[in-house]
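A.B. asks: Each chain is listed here by its residues.
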Amino acid sequence: MITDQITPPISAPPIPMSEPEEPYLTIRPSKGWVAPGLKELWKYRELLYFLTWRDVKVRYKQTVVGVAWAIIQPLMTMVVFSLFFGQLAKIPSDGVPYPIFSLAALVPWTFFATGLASCSGSLVGSANLIKKIYFPRLIIPLAAVFSGVIDFSVAFVILILMMLAFGIVPTLNIIWLPFFLLLAFVTALGVGLWLTALNVQFRDIQYIIPFLVQFWMFATPIAYPSSLIKNELAHTLYGVNPMVGVVEGFRWALLGTNTAPGPIIIISTLVALAILTSGMYYFRRMEKTFADVA
Amino acid sequence: MGDIAVRVQGLSKQYRIGKQESSRNFREVLTDALYAPFRRTAGLLRGNASAAANLNETFWALKDVSFEIKKGDVVGIIGRNGAGKSTLLKILSRISEPTEGQVDIYGRVGALLEVGTGFHAELTGRENIYLNGAILGMSREEIRRKFDEIVTFAEVEKFIDTPVKHYSSGMGLRLGFAVAAHLEPEILIVDEVLAVGDAAFQKKCLGKMGEVAGEGRTVLFVSHNMPSISVLCSSCILLEYGSVSAIGNTSLITHRYLSSQSDLVSGKVSLTDVKRAGSGQIRITAIKITSPDQNDVIYPNDTVNITIQYKLSNEYNGGKVDFGIEVADFYGSKLMTCSTQFTGEHFMNMLPEATVSCTIANLPLVPGVYLSSAWCAINGVAVDRIENFTEFTVSENDFYGTGKLPNARKHGPFLVKNKWELIREAIVE
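These protein sequence lines map, in sequence, to chains P and Z. Read in the numbering used here, the first sequence has 159 at position 159, and its numbers run on one by one without any break. Read in the numbering used here, the second sequence has 167 at position 167, and its numbers run on one by one without any break.
Next up, chain Z with everything else stripped away, as it sits in the complex (with noise of 0.2 Å):
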């Protein structure tokens, strides 16, 4: 053997926290506040420190947790926010300690849970260096020799003798990863920490990343950014509910992760406990937002179909139906509508209960967890309005071909097929 570099067994973490609190008017509040620390204080005298802090209900963060990692291997972690992620890094880091099993690690482990942990803003570039080297574990003979390479890493040459509150905020981050990058362990664990700088920075820590891998370092890389995790890690862990749910090669883990994540697609939504407006002539009584292949992930670019089913009433006397879908992103910012309204297919002789479909082709939006609204109108007028009834997740495919996607936050929401080419003319005067 002697190939394992981390070897976790039955890996648990309880956390401890506080009762939920119910809501309580201001009597309550004030009662509670004046008798809270007596009560607290005679907790802590018998001896329960918890009872003391109020940290009755306990949850498992993480439940007997097992896996092994080869020397050598880059090793994605994914899982849906609260899978208990963090908590395994911060494990695997020392930072905290795990309630139940063992971890064995066969090296010596960097861990980069934060870009520039312990910078301080009073101190200069140069100091800082020294100082978040000091922390993560360098000698300062180790800093001094890699300190011309991390300045010209970080492009802060000018800045080194500044304090780091004048930096900017892009700076402060590419000084902290140059110091990150220039940690020589044979186990490198990292958090999300790709998820900052501008795009040119990122490229050029992936290419470091890669480097260190290529170098045959151990890396544990914990991300939601599913090409970065793609282009770096050859198998992947993924958690749910704080277990390790399937281990394996990085895009089987990858396409499994995201199409569990899009349950949220329900397809059948309940729309009788839907607030409705409008006269109701007309009603709105289901929804189905099918992809492709039908097995309810949605790439950016493919052709999604939306059916609704209706009913009308008796009040229902003839007259022109238009039907809409609206897609709003997660923020509520309402980012297109596709009606008959404008494609101009109304519909004019209405059955009694039957559904209307929508094709949308080539659905151009990044990936991302949508919000859609329908409505229904007679002659100009709603009658029926289901407000976000649904939301929907768009899966992270190779759109481009090149492992990089636009990011909804920062690029916006849009995504389209585009071209560049230089032009070898020269430019007439």
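In isolation and in its complexed conformation, chain P is listed as follows (with noise of 0.2 Å):
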């Protein structure tokens, strides 16, 4: 064997003497905090469109009745919430007819609930992606949220018919819709980021989440108004939970009820924002271990 023709491997890195051009991409470990990266974000945004696409077209194969259970989970829970809190523990519903108070509430509540869930299992559920391709990992988050947008709209038509079975017309005010529903995606991104990539390495978190939603929607007035809350500061306060601001808002909006925008909504929008960027950070610190631990 002629071993005096193999270069020995290379001790010393070689110093770049006349190197003209730059990399275009030069890869080194990440200290701490990372940037959120929205720029390469962008750049991808035809994968995100794909995995949401995927996400949606895959979501009621095989079923019987299809997307129909995107309506079907709010209009039972309404049957039930009618009948145990409207009709046997009388609660009041701000002058609204009882079911249509819950069902405006439960269909933004769905959306979020669905999606903080599908968000949380987003990284784990991708393992086999992660761990083969590269991708900003923000996408799958992101795309689990946004593929129940269509769940939500067809849920939405269903809300707007019953409306006008039980005789109430839209507000005006429904032009600020889009913007409570933007206030429920960002609440359930922000939470649902912190979750998914908790998750990874301790997979209590999937264990956890069911709870979670059991308990926020009992602290989110659906079954009740929150005008229940006399004590001004402490109603005020409320907001402090940002699916308080997104229910009150779609009341206002959908049913003309006197939750009209205020201190309130300013709050949810803020505590809604600070999830959002602390779980954006959170989630590109541990971005690098993923695909180690997933």
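For the record, the hints were derived by calculation from the structure and aren't laboratory data. It is possible that part of the hints are untrue.
[What the hints assert, rightly or not] Incomplete in silico selection of chain Z near chain P, CB under 8 Å:
| no. | residue |
| --- | --- |
| 1 | 106 |
| 2 | 111 |
| 3 | 134 |
| 4 | 136 |
[What the hints assert, rightly or not] To spell it out: a stretch of chain P is covered by chain Z in this simulated footprint if at least three of its residues, at any positions, have a beta carbon under 8 Å from a beta carbon of chain Z; those stretches are:
| no. | segment |
| --- | --- |
| 5 | 58 to 70 |
| 6 | 130 to 142 |
Quick caveat, the model's predicted, so the values are computed rather than measured. All residues carry an ideal CB built from backbone N, CA and C; glycine is no exception.
With the hints as a guide, dock the two chains, each given alone in a separate frame, to form the complex.
C.D. replies: Have a look at this one:
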């Protein structure tokens, strides 16, 4: 064997003498907090589109009633709530028929709850992708929440039909609805980012989520109006739960209840943004370990 | 300069691994299961995430790896399992982050660590092409433009609107590779994806990759398949225990790799520790397998020599002595037996301590790792037997002169010369 023709491994890094060209990409260990990388995210927007599209397409494959599931869930909950809270417990409903009162909250709530749940499980569910190919990891939880928009739209149409059946015409404030939907989106994504990143390392999270969603539902004025809280300050502070802002916003925009955007919405928005920003940074910080631990 | 495609400097990667668990009895497992949540929660509260996950031990999958790859080079990365090939690939393709060091990449990278990444069984072939293309980094417009070409390459025209779950595994693989093959990165990183698929498709893939290389693109190719490495790559990087042990010309590096692999052929086997059967009137004391050029690398079709040293005990009082060597594959199925019982070369007048030698002409085994056993018998009754006394490796060479070799698991363990011709005579009815 002619070993002398084998060049020994380069021991010292070569000094780039005259390198006119900038590297297209430099890979080096990241330290501490990392920027969210929104520019790169924008570059990969088509992948976000395709992953969302896949989730939507696959969600109701091999089911009998298909997308009707998006309606059945909030509708059945509405029936149960109307029976127990509306009829038996006689909970007030801001002067709106109780079924509509609860459905107007259940539709955005279902969007939030499914978005949160699928977002939290998204990274672990996509472990095979994460381990095999690079792309901005933020796309995975983003697509998980985005794909809920279709379900929301279907449920929303039913909500409007139900309202018309009850003789309620949406108020003009409906133009503000996208903002409240966005608020629900931001909250689901923000909390989901925290949970999905944590879930990669600690699978305990997947057992916490059902509880969390359940507790959160009762902490949100879905079965009852927030006006039950008489103390002005306490009522405003209730907005710390961003879903309070979302639900009351929906009711105000659609049903014209007297929960017009005020301090609650401001607090809810600020809290939601804080959760999203912190979640994004935490996610980016943990991102480098995903492929090794997932 | 400006002709560098990839520059790796001092690259290291450390993994945390769980502590090796010694075997524990049921009670210990149970008490540990009860205490662990508290211990881990305490660890977490102290801000020590790896203690919480019980990951205390670390190891370096890569240590201080440096090399440069020029533009247009097709470079093979070889090494044993666990040498760090996959880790290196994962870092270069940005899937995993290095612990130390830096990589500069001059060009758009396309990484292909798996065929059909992100395929969804419920989606049709058409939908999966778009999805997979997007995952690999193609734009929708790019996929639309290459769509027909991809479908033709994958040979799935008829089933393009069938959900992939109804595809045969071969069709799925073809489709996956077809999408990947139409990526147009400046630097292509490919893991051992050619190990799958049927021979015809493998050839097609090799051809396509050769084309890619011919277009002046830089290719990094990880494989265990030495024939395809030899066909495709001009130079190789040999990794050993997470470090670069050699860089250079492909044939030199592959040869070095193969000979390093066969230090498994220890030559000297300590037989004193081996559990023995038989009465022990004759004891085998040493066994040695040698290749023709004495350098311990055995190739298919080599003439291999096996020597068995023995010692007679006092109890031996004459009789016809037979020796035998058995070869089994790595999974334990016996492949062949060479024995004086069959050749008729029985030994009658034994020296008290001597060596017998067996020569196997034209070893007909495909490259791989084999186990051998040896025995001896007096008058047809076994007196000593050593099961699987050593493993030996048959290395890859170009047996057929075509760069292609059968694969033991797929095509069977034997390699024989064969010749084909077309008989140009009309078949007479």
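A.B. asks: Each of the hints needs a verdict: does it hold here or not?
C.D. replies: Results of checking the hints against the structure:
no.	hint	result
1	106	holds, 5 Å
2	111	holds, 6 Å
3	134	holds, 4 Å
4	136	holds, 7 Å
5	58 to 70	holds (count 3)
6	130 to 142	holds (count 6)
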